[in-house]
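Asker: Letter by letter, the chains look like this.
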Amino acid sequence: MIDPVVSLHNVTKTYSRGGTEVSVLKDLSFVIPAGTFLAIMGPSGSGKSTLLNVMAGIDRPTSGSVVVAGTRLDGLSEGDMARWRTRHIGYVFQTYNLIPVLTAAENVELPLALTHLSRRERADHVKTALRLVGLADRMDHYPRQLSGGQEQRVGVARAIVSDPTMILADEPTGNLDRESADDILTLLARLNRELGKTIVMVTHDPRAAERAQMIRHLEKGLLEMPP
Amino acid sequence: MLWSAYSLRNLWARRVTTLLTVAGLGLVVFVFVAILMLAHGLEETMGRTGDSANAVLFSKGALSEIDSSLSRDQTGVLAAQPEVLTLADHQVAAVREIALQLTLRKYDRGSLASLAVRGSSPGVFAVRPRLRLVQGRLWQPGTTEVIVGAQVARQFPEARVNETLRFGRREWTVVGVFEAGGSGFDSEVWGDAEQLMATFHRTAFSSMTLRLAEPEAFPAFKARLERDPRVKVSAKREPEYYEAKAEGLARLIRVTGLFLTMVFSVGAILGATMTMSASVAHRTTEIGTLRTLGFSRGHILQAFLLESMALGVAGGLLGVSGAALLNSMTISTVNWDTGTELAFAFHLTPAMAGEGLLFAVCMGAVGGLAPATRAARIEIVRALGERAA
Numbered sequence: 001m002i003d004p005v006v007s008l009h010n011v012t013k014t015y016s017r018g019g020t021e022v023s024v025l026k027d028l029s030f031v032i033p034a035g036t037f038l039a040i041m042g043p044s045g046s047g048k049s050t051l052l053n054v055m056a057g058i059d060r061p062t063s064g065s066v067v068v069a070g071t072r073l074d075g076l077s078e079g080d081m082a083r084w085r086t087r088h089i090g091y092v093f094q095t096y097n098l099i100p101v102l103t104a105a106e107n108v109e110l111p112l113a114l115t116h117l118s119r120r121e122r123a124d125h126v127k128t129a130l131r132l133v134g135l136a137d138r139m140d141h142y143p144r145q146l147s148g149g150q151e152q153r154v155g156v157a158r159a160i161v162s163d164p165t166m167i168l169a170d171e172p173t174g175n176l177d178r179e180s181a182d183d184i185l186t187l188l189a190r191l192n193r194e195l196g197k198t199i200v201m202v203t204h205d206p207r208a209a210e211r212a213q214m215i216r217h218l219e220k221g222l223l224e225m226p227p
Numbered sequence: 228m229l230w231s232a233y234s235l236r237n238l239w240a241r242r243v244t245t246l247l248t249v250a251g252l253g254l255v256v257f258v259f260v261a262i263l264m265l266a267h268g269l270e271e272t273m274g275r276t277g278d279s280a281n282a283v284l285f286s287k288g289a290l291s292e293i294d295s296s297l298s299r300d301q302t303g304v305l306a307a308q309p310e311v312l313t314l315a316d317h318q319v320a321a322v323r324e325i326a327l328q329l330t331l332r333k334y335d336r337g338s339l340a341s342l343a344v345r346g347s348s349p350g351v352f353a354v355r356p357r358l359r360l361v362q363g364r365l366w367q368p369g370t371t372e373v374i375v376g377a378q379v380a381r382q383f384p385e386a387r388v389n390e391t392l393r394f395g396r397r398e399w400t401v402v403g404v405f406e407a408g409g410s411g412f413d414s415e416v417w418g419d420a421e422q423l424m425a426t427f428h429r430t431a432f433s434s435m436t437l438r439l440a441e442p443e444a445f446p447a448f449k450a451r452l453e454r455d456p457r458v459k460v461s462a463k464r465e466p467e468y469y470e471a472k473a474e475g476l477a478r479l480i481r482v483t484g485l486f487l488t489m490v491f492s493v494g495a496i497l498g499a500t501m502t503m504s505a506s507v508a509h510r511t512t513e514i515g516t517l518r519t520l521g522f523s524r525g526h527i528l529q530a531f532l533l534e535s536m537a538l539g540v541a542g543g544l545l546g547v548s549g550a551a552l553l554n555s556m557t558i559s560t561v562n563w564d565t566g567t568e569l570a571f572a573f574h575l576t577p578a579m580a581g582e583g584l585l586f587a588v589c590m591g592a593v594g595g596l597a598p599a600t601r602a603a604r605i606e607i608v609r610a611l612g613e614r615a616a
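Just so you know, the protein sequences line up as chains A and B, in that order. With the numbering used here, letter number 32 in the first sequence gets 32, and the count goes up by one each step, no holes. Throughout, the numbering used here is defined as the position within the second sequence, counted from one, plus 227.
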C-alpha cells in the first residue's frame, strides 16, 4: 500500500462575511496517495482554491486535521509552517506570480534562498529546473520579456526547483491559450510520470482535468467521492 | 544577495518616487551636515587661533580680553617669569596687548561690520611664529600704521595695503597683510599698542601673551601665577581661550540648526513612509507569493526595511555629497561671544559624513517601519486575493 501524502479528516472551513457564517469546506475527509496526479474540479466558489490553500499550509481549517507529508499542519506555528512549506510544497499560481524585478533564473532561485545550499549549488538547481521546463535559454529574461506560457513554465520551474514533496497548482492553465495550456499540462504530467511528483491541480477546465490520473469534484464544499 | 537585489531593484522599478524620496531625505541630510560643518568650522577656526605653547594672562575675574585690565607694573612682573621663552636677541617672547573694536563697511553687501582691533608690539611674530606677513611690512612702533588679517583684506575695501582706516578720530594706514592659517587672527586688525592706548585713552593693557620655553610647564606655571597675590591674574592656554570664545555661537548654530533639521526630518520620514506604503499596496500579491514560497513574516519585514533603509543611504549620500561642495567655503558672521566679525570655513570630517549617513539610514528605517510591519502582517490568502473560490 502506498503511503498517503495528504490526509484530511473532517476538515471544515468557514468565513464570516457581513456577519454571516459561510461554509466553504464541509467536513471533508480524504487521502491522496504519493505519486498521484489529482485534479480537483468544481464551479467558481465551490471551495477548491481554499482546499488547495489548506493543503499548502497557507490557510488553516476552522476544524479538522490536515496531515501533509507526515506533518500535522494545524499544530504548527506561523514560522514552522513557512519552513515546512519551503521543504514540502511547490506552488503554481494561475497568474504565474513571478517577481517582475527578478530574472527567470532569479525567480526560480527564490525558494532556494531559504535553504543552506551554496551559490553554485543553487545555480545548478536553477539550470536543471529551467532545462526541465525548456527555458534554459531564457534564464536572464525578465517576466515582461516572456510570453504567458513561458512565464507559467518559469512558475513550474520555481515550484520544482527545491524538489518538494508535492506540487499544488491553482488553475495553472487558466490564463493561457490552448497551446500553452497543453504544454503546461504535458509538463505537469511528465513531472508526475518521470519524477514521481505528487500533483494536486485545481481547475474548472475539463480538458485540463483529463490529463490527471484522478479527478474529484468539489461542489458547495463537499467532495464528490468516486462511485 | 538575491534578497538585496530584490529590494534594490524594486526601488529602481519605481525610480520617480524613489528619486523624489531620496531628494527629500538628501535635503535634510544636507542641512544636518552643513550645520555640523558650520559649527565645527567655527570651533576649528577659533581652536586654530593661538599656539599651545602660549599662555594668555588676564586680570583675575575677567572672562575675556574686553573686560580685563593689566597695569604696566603687572605686565613687567609677568614678562619676567622664568618659564617665559628668551629669544636670540635676549628679549623675552611676551607681548602686552589691548583689545578694541572698529566698524567698517564690507565689499560685497556694503553692510557695516564690527572688527576686532589688537594693539600689540612687533614682537608678536616671535610669540606667534606660525603667523606670516604675506604682503607689505610690519607697522613701525610709535606710528599709526596697522596690518590686517587675510580675511579682513579680502572683505573690506579700506583694508587693502596703502589704504587708510579711520577710527578713534585718527587715520591708520594699512602697511601689511598677514596670514594666520585660517584662524580667528585672520579677522583682526593689528597695530601699535601704545598708539591705540593713547588714541582710546586707555592706561592699562587688556591681556598679555607669553610664549613658554617648555609648553608642558603650563599647568605648574598657571597654578603658581594664579596663587601669587602680587600679580592677580588668571592664565589660559591660547587656543583654549579662543576656542571658548566661539562656544556660544557654535552652540546656537547647533541647537537652532538641529531643531530645524528635526522639523525637516519629520517631512522626509513621512515622505519615506508614503513611498513605502504605496510600494506595499502595489506589491500585495507579490508579498503573498513570497509567503507561499516559504518566506516568513520576518523576511518580508526585512525586505521592506532594507528598501527604506536603502532610500536613506541614497539620500544620505546625496546630502553628504551636496554638503561636501560647501567644504572650505568661507563665510563671515558676527561672533556673539566677542561682538566682532569672524570669517570661518565649512569643514567636512569623515565623522560628520558618517553621522549624516547614519541619520539618513535612521530616517529611512523609521519611515519604512510602519509599512514594512504592515506588509509582514498581511495574511497570505488575503494577499493573494484568493479568499474563497
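Please keep in mind that the hints were generated in silico from the structure rather than gathered at the bench. Be aware that one or more of the hints could be misleading.
[What the hints assert, rightly or not] Just some of the chain B residues that point at chain A, by a computed CB distance under 7 angstroms: (1) L229; (2) N237; (3) A240; (4) R387; (5) V388; (6) N389; (7) T519; (8) S523.
[Stated by the list, open to error] Restraint ranges, calculated between C-beta atoms of paired labels, are given here: (9) R87(A) x L552(B): 50 to 58 angstroms; (10) S231(B) x E210(A): 40 to 48 angstroms; (11) L229(B) x S44(A): 19 to 27 angstroms; (12) L487(B) x G18(A): 32 to 40 angstroms; (13) G408(B) x R119(A): 49 to 57 angstroms.
[Stated by the list, open to error] Some chain B residues near chain A, calculated using beta-carbon distances under 10 angstroms: (14) W230; (15) Y233; (16) L235; (17) R236; (18) W239; (19) V243; (20) T244; (21) A447; (22) K449; (23) I480; (24) S504; (25) A508; (26) G515; (27) L517; (28) L611.
From the three backbone atoms N, C-alpha and C, an ideal C-beta is built for every residue, glycine too.
Asker: Checked against the structure, which of the hints given earlier come out wrong?
Answerer: 4, 5, 6, 11, 12, 19, 20, 21, 22, 23, 24 and 25
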